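Assemble the complex: chain A is given as a structure, and chain B must be docked to it using the hints.
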Amino acid sequence: MDLKSQNDSFELLAILLVSQGSSGSHLLFKYPFTDQGQIKNFKQTSKKSAYSIISTENRNLSLLDREQKSIVNGLLCGLNNDVLANLCQSINEQLELKIDNVFFLGCKSILKINQVTFNIVFALRSPLPRPAIRCYQMLSLAISKSLLKEETNSGYLTHQSKMLQDFLDEHQNIDENNRRLDSSFSDVLDKCQLAQEIKIIYESIRKDGVVDISVNNCVNLSFCLPHLAYKILDKCEQSNFVEVIFSASKYLEPYFGIVLLTKREELVRALPSNSNLYCRMFIEKYNPVYSLANYSAELDIPIKEIYAIVEHLIYWAKVKVIYPISENNFYIINPNAQLRINTKISIEFGDEFDNASYHYVLSLFSEARALSDLLDPRWPREKHTMFINIVIWLLQRSVLIQLHDYLFLMPKKFEHQRLACDKISKLSDVSYDEENECSISRLECGACSENSNDTENADYRNSTLCYDEFREILSDFKISEKDQQHIFKAFEVKSEADIKLFMRLVPYFNGMYNIESIVYKEQISWSDLYTLLDKFKDLLFVSSYEDPNPLIRINIRI
Amino acid sequence: MIEIFQTLDQNVTDKILALVFCEFDIDEGPKIKYQKPNDVINKQTFDSISSYIIPKVYLKNKIITITVGKYRICGFPIYLEHIKYKRNMYIFNLCFIFDKNTNTCSYEAVVKKLACDLRTLEVESEFLNNENLKQHLPKIMEQVQNNLNETGECIIQRIANLEHSAIFLKLIKNHLDPRLVQSCDVPVFVRSKSEFEIDDWDLTTQKIVSSINGFKTVSLIAKETNIESSVAKEAIQNLLYSDIIRLVPIIQYSSMFVRTSLIAKFYSNSELQSDAIKFCQFDKEREPPTFYDMFMVLNMFSHGFMVKNVIELGNPIEKNIDIKKLILFGLIQGLLRKINKYPISLSDSQRSKTESSNICFPGDYNYDKICSENGISIKKIEDQLDEDPNVVICIK
Chain A
1 MDLKSQNDSF
11 ELLAILLVSQ
21 GSSGSHLLFK
31 YPFTDQGQIK
41 NFKQTSKKSA
51 YSIISTENRN
61 LSLLDREQKS
71 IVNGLLCGLN
81 NDVLANLCQS
91 INEQLELKID
101 NVFFLGCKSI
111 LKINQVTFNI
121 VFALRSPLPR
131 PAIRCYQMLS
141 LAISKSLLKE
151 ETNSGYLTHQ
161 SKMLQDFLDE
171 HQNIDENNRR
181 LDSSFSDVLD
191 KCQLAQEIKI
201 IYESIRKDGV
211 VDISVNNCVN
221 LSFCLPHLAY
231 KILDKCEQSN
241 FVEVIFSASK
251 YLEPYFGIVL
261 LTKREELVRA
271 LPSNSNLYCR
281 MFIEKYNPVY
291 SLANYSAELD
301 IPIKEIYAIV
311 EHLIYWAKVK
321 VIYPISENNF
331 YIINPNAQLR
341 INTKISIEFG
351 DEFDNASYHY
361 VLSLFSEARA
371 LSDLLDPRWP
381 REKHTMFINI
391 VIWLLQRSVL
401 IQLHDYLFLM
411 PKKFEHQRLA
421 CDKISKLSDV
431 SYDEENECSI
441 SRLECGACSE
451 NSNDTENADY
461 RNSTLCYDEF
471 REILSDFKIS
481 EKDQQHIFKA
491 FEVKSEADIK
501 LFMRLVPYFN
511 GMYNIESIVY
521 KEQISWSDLY
531 TLLDKFKDLL
541 FVSSYEDPNP
551 LIRINIRI
Chain B
1 MIEIFQTLDQ
11 NVTDKILALV
21 FCEFDIDEGP
31 KIKYQKPNDV
41 INKQTFDSIS
51 SYIIPKVYLK
61 NKIITITVGK
71 YRICGFPIYL
81 EHIKYKRNMY
91 IFNLCFIFDK
101 NTNTCSYEAV
111 VKKLACDLRT
121 LEVESEFLNN
131 ENLKQHLPKI
141 MEQVQNNLNE
151 TGECIIQRIA
161 NLEHSAIFLK
171 LIKNHLDPRL
181 VQSCDVPVFV
191 RSKSEFEIDD
201 WDLTTQKIVS
211 SINGFKTVSL
221 IAKETNIESS
231 VAKEAIQNLL
241 YSDIIRLVPI
251 IQYSSMFVRT
261 SLIAKFYSNS
271 ELQSDAIKFC
281 QFDKEREPPT
291 FYDMFMVLNM
301 FSHGFMVKNV
311 IELGNPIEKN
321 IDIKKLILFG
331 LIQGLLRKIN
341 KYPISLSDSQ
351 RSKTESSNIC
361 FPGDYNYDKI
371 CSENGISIKK
381 IEDQLDEDPN
391 VVICIK
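So the sequences go chain by chain: A and B. The opening residue of the first sequence carries number 1 in UniProt numbering; numbering runs sequentially from there. The opening residue of the second sequence carries number 1 in UniProt numbering; numbering runs sequentially from there.
Just chain A, with the same shape it has in the complex (with noise of 0.2 angstroms):
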């Protein structure tokens, strides 16, 4: 291997494969490695300048500075392989070890043949985002448990690990220092098949951290790393995104949407043999304008089951949620677009779409209009497709973002908390108090005339006895007394249908529920919500503005 690159700054220093026996620990194979003379380069760039002074007494200060680096051209360096095999002998659990700024991550250790335990450990540049650790610890586990399996099968670990082991005792290349050299594992990549699976496994994690060989042409070895799978615009801003696809189930909702990253067909053809028959009739049945609960129904899989499949596909990187495309979706260019003339993004799109301008196109998202308003009734279907599969594609690579209404609950002069708040910071307030208690029974006043008034109508007391009950959900949601009584002021010209179906939507209107989530979870239709908000539009706000849902949020370059 050659120093490609000499900044080289992927995370993934060197795979390492080590042995523990009775005759001590062994380092069996390491990739990439550095060749003798790569080394000797190296020395003669580093060399110190002639005219450095060269101090003995401030040893302390420069402790650490004078030592060996650890990380040189993104090679792991200055631990030798001796000294590597020891540190990687397994405690029993999970290796998690750092050296300066060196990560040495292995799994438990599983392979035990013959007195003689294997590992797996990877070498990575720290610092590492948490998750990221779990993951390459997991991926020790799968290709330990894969190498297990190929052992009981033929004993496989054994012949290749002798194989190994015989190399390094005949290329005894060790130095004047009586260390041992890298040069034997490049001899010995030639000739071993786990060697080579080792240096494919590499260099599938460089590629696109998505890891899928057969060990020994047998056992299939799969994994993905999605913090290197997924392609981000916005790397600091969204250095959580990898725990957010770990716990996608806590993110998804069952009106959520998907669009796939890669072309079905694509999609379809890289699903093993073996895969899960759901997972197969559920990307047949893709569709961006379907919701999970969409899919749930046509296919007759639980939800459950339909979670399971996305978080498996958001967990490879092959989807991106979203909400289903719709008509009446509002949407509008995402903050960290690339906007720049001449980009790649910007030519990618000219070649799939007929020379259209990406510039023109997205110029029409410019005002928030709802997509129903860009499409014009009068272009042919095939054009129409066109747009829909425009914003689709700006979609997967999170050009386009997506605005949804929210709701407050606003009566005129609404003070919401800040009552409640006085009442608590303020005790010694007496005033406010007994003006807070004046208020409370001059209201109690107001519904005993009120009740008074209407004698002669039963019926119409009888129905608006619930006041008690409405009372206790406003004062659930810290709504204060003042603010209940405009409420239910302005109830008296309701209905009492639209009264009851009102204060069973009160929890939801407090910004954090959109129409579409309300519309789900109360089971009604979207014209009865709109004609209810309309009736109390006196009471609620509505404000638009993006999902904060993470899911939402990630934006995935591709």
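In case anyone wonders, no lab produced these hints; they're calculated from the structure. One thing to keep in mind: the hints can contain errors.
Straight-line distance between alpha carbons at most 25 angstroms, and here's what the computed SDA-like set of lysine to any residue pairs gives [claimed, not checked]:
#1 A:K489 <-> B:K319
#2 A:K231 <-> B:D364
#3 B:K341 <-> A:I347
#4 A:K478 <-> B:L272
#5 B:K338 <-> A:F541
#6 B:K369 <-> A:S366
#7 B:K15 <-> A:P131
None of the values given here were measured: they were computed from a predicted structure.
Just chain B now, kept in the frame of chain A:
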């Protein structure tokens, strides 16, 4: 729902759980000499990881972090060679113990510094090999742990009455690099001036700090204080790094702002509401604005509505709301974000340049940036755009 999203960002408690002083005993091998508080690491756990705490000589002077059970242990083993020691060698390591989920990166420098300080003490006055002096160590360990956990700093002077001995430790949080300051940005204080001692800063920064009022752009501040713009930018970036200021976009009558999902937080957080009422009151003599009015005005900001439209419709003065301050409050709290116009010329870049003046629209420049970099007004850009049919405008 919002709360769940926020917990992701919160760090787990990153306090030091214990300090352990280990050394290599000639008879017993690696052992724990002192532990404060006692019995966090038991003998069995220690034995399983002792090869990382008192490692072979090739791992000396390296920061070694090992995770075991529910703990993460960070140490810096020191080897001292001298004929006065038995076997001519003395090995010690003062380890910090954390919870296994702690991010120990910011502690690494402290671990190393403390180890080096102890090494100096040992070399100069045999602090670790003289029983009379060594008995002070547990107390020092306790003090280091308490002070670092409480204030992030620890200063111990005249250790065990030794002349010229001192330990200075400071925990430096790992910051991200502050973003580049642009001429059209507006610096705003996010901490009150009394919280930091401005007299300690350099003269340029002092001048700039006195000029920041929350509405002046960087270029205006540079002009007013007569400081070269690149120097001013650097000073402001410095303040940004220290978390004293935040940068917000410029607020003009023609600016557009949109609400963000954090407005739901504003609706339910009464503390934020009373802050806003205090901050945005226009006339201190009159009755303060109500939450209802503020929320209504805030809710008017959306696509296609410029600040002047909001003023016309919302009539903030009558409601005793200072609209500029309300926007500023919204920007700082993340309730609002600015959306900008990006003119993009679709024709070849060369042609658009020769056609009219020498301003070009490469796509990633918004109005604010074009204005401040070319020193022209928005009106002038719009005039030029009117002439050029090949320019589209994207708003993001």
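Okay, which hints does this one fail, numbers in order?
none
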